[in-house]
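Student: Protein sequence lines, in the order shown, are assigned to chains C and P. Each position in the first sequence, counted from 1, maps to that position plus 42 in our numbering. Each position in the second sequence, counted from 1, maps to that position plus 42 in our numbering.
If you're looking for bench data, these hints aren't it; they were derived computationally from the structure. Predicted model, so just to flag it, every value in this text is computed and none were measured. Careful, some of the hints might be misleading.
All copies of an identical chain are treated as equivalent in the list; a pair is satisfied when it fits inside any one copy or across any two copies.
As the list claims (entries may be wrong) - Each computed BS3-like pair below joins lysine-lysine, with the alpha-carbon atoms no more than 27 Å apart:
1. 129 x 220
2. 194 x 45
3. 238 x 293
4. 220 x 238
5. 294 x 69
6. 129 x 293
7. 293 x 220
8. 45 x 294
9. 194 x 220
10. 220 x 45
11. 293 x 178
12. 69 x 238
Number of protein chains: 2
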Amino acid sequence: MDKLRILLTNDDGIHANGLYCLYNELKKDYEVRIVAPYSEMSAVGHAITLHSPLRVQEIYRDGSFYGYAITGTPADCVKIAVQELLKDDPPDIVLSGINLGSNVGIDVLYSGTVSAATEGAYLGIKSAALSLATRKDPDFSFASRFSRQVIKFLLNNHLERGVALNVNIPAVPEEMIKGVVFTRQAITRYREYFEKRTDPRGNVYYWLAGEIIIDENGRADTDIAALQNNMITITPISCDMTSNRELERLKKAQPFQWKL
Amino acid sequence: MDKLRILLTNDDGIHANGLYCLYNELKKDYEVRIVAPYSEMSAVGHAITLHSPLRVQEIYRDGSFYGYAITGTPADCVKIAVQELLKDDPPDIVLSGINLGSNVGIDVLYSGTVSAATEGAYLGIKSAALSLATRKDPDFSFASRFSRQVIKFLLNNHLERGVALNVNIPAVPEEMIKGVVFTRQAITRYREYFEKRTDPRGNVYYWLAGEIIIDENGRADTDIAALQNNMITITPISCDMTSNRELERLKKAQPFQWKL
């Protein structure tokens, strides 16, 4: 039987260590292909590149072919992998990560890591994003091994079209992890501000700064709350952004006045 | 009584005609501020700029101050407007557009126009994205006037936090428009492919091409179907991307196997 084909991508770029650890873990048992951004693409959202061409570069590592680097976003990588580079041998599964830093709450909307998984799901491929909840001294070994469980789950469970799994793993020793929980995306507000600075030539510039506020106290079913409680969180994320609750309400409301 | 304060932005850039027409219509009755990208930002998704500074430039047009141009994405524009440039006088309403071209179906996910409205909603401001469904010879006059109805609707109706309205207007003569309908986002698939080309120096590059397929026949409640039927479509779009249907199903399934 043919080996399962897994496409790996990320938004930290093809040279990132989280991707490398995932690759080394999975290549033991699977046919693993890498198509990832040439450079870091964090907070790129679900962007795709329409107005400029994409370049593809073959990358070698440890003395052999490692993968394709793309001058584009994570969503571009999945599109060009599935529809061009690997089209004769399309992946069974798309995994995006392992991201350096969690992707929970409103960050899901800004996340290139998650957008690669959503793109895969939209293209009809079982997909997940994997993130490790730390920005310093990351140890990707547990998260890499855990990716095998995510693959098994994807194989054994049907998800609606356009739905991917957003997986976040606490950055604590394995024995401190309490379990796995299905969560919803928090829409916690940040206290954000812009730092106003002056460059060496006297010109003003602004830099986004921010600090998280947890304003969903008591809602333990959110990704943010569960992750803080050392649970692995799995949130089903849809590329259909319709608020069904609001849609049902609006449909029942009085007709929209539109004659001008 | 103070005039209603309206923030305008877009993803076609501050010099785009759709923004200018909207501005000229609304400044008659409202206090209108513009904070928009310096250059075109289509298909930028819900990106925000974390790794580089934002520059702000004052733009003059028709002999007077027109607005602020930002070296960032539409979501950046809304963030910096609300949290820095207009923080002493924050907007009551955010309108993004009028976009040249519709934002329906999966394009909602890639759309900078929609992301500005979602960002506004996330920040707690009543917000809508406005798009005109044509890419050539646009006449923004009806859409500009229709924006007044959207403003009235936003003022008179409460939307859940994080939910914005995604409004698409058919590009047909006013008398051909059949009405206004609340819709859901289609997740219609594209038949996409990449064109492989060679540049003048002999290097290969790829360019995304695509052709839409309507594969949701019979589902008249989608934005794509209704817009094609010359209806103005209004889809409530949420910055919470959780698939609630899948979440409920997964919670009831057997526990996730995770011990490695």
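Student: All hints, please: hold or fail.
Tutor: Hint check results:
1. Proximity of residue 129 to residue 220 under the C-alpha cut-off of 27 Å is found in neither arrangement, the shortest distances being 40 Å within a copy and 42 Å between copies.
2. Only within a single protomer do residue 194 and residue 45 lie at most 27 Å apart by alpha-carbon distance; the minimum there is 14 Å, versus 58 Å between protomers.
3. Proximity of residue 238 to residue 293 under the C-alpha cut-off of 27 Å is found in neither arrangement, the shortest distances being 44 Å within a copy and 45 Å between copies.
4. In this assembly of identical chains, residue 220 and residue 238 lie within 27 Å of each other by CA distance neither inside one copy nor across copies; the values are 42 Å within and 49 Å between.
5. In this homomeric assembly, residue 294 and residue 69 never come within 27 Å of each other (Cα to Cα): the closest approach is 53 Å inside a single copy and 33 Å across copies.
6. In the homo-oligomer, the alpha carbons of residue 129 and residue 293 never lie at most 27 Å apart, since the shortest distance is 42 Å inside one protomer and 35 Å across protomers.
7. Taking CA atoms no more than 27 Å apart as the test, residue 293 paired with residue 220 passes between copies only; the shortest distance there is 17 Å, against 43 Å inside one copy.
8. Proximity of residue 45 to residue 294 under the C-alpha cut-off of 27 Å is found in neither arrangement, the shortest distances being 51 Å within a copy and 31 Å between copies.
9. For the homomeric pair residue 194 and residue 220, the shortest alpha-carbon distance inside one copy (20 Å) is at most 27 Å, but the shortest distance between copies (49 Å) is not.
10. Proximity of residue 220 to residue 45 under the C-alpha cut-off of 27 Å is found in neither arrangement, the shortest distances being 32 Å within a copy and 54 Å between copies.
11. In this assembly of identical chains, residue 293 and residue 178 lie within 27 Å of each other by CA distance neither inside one copy nor across copies; the values are 48 Å within and 32 Å between.
12. Taking CA atoms no more than 27 Å apart as the test, residue 69 paired with residue 238 passes in neither setting, with 47 Å inside one copy and 29 Å between copies.
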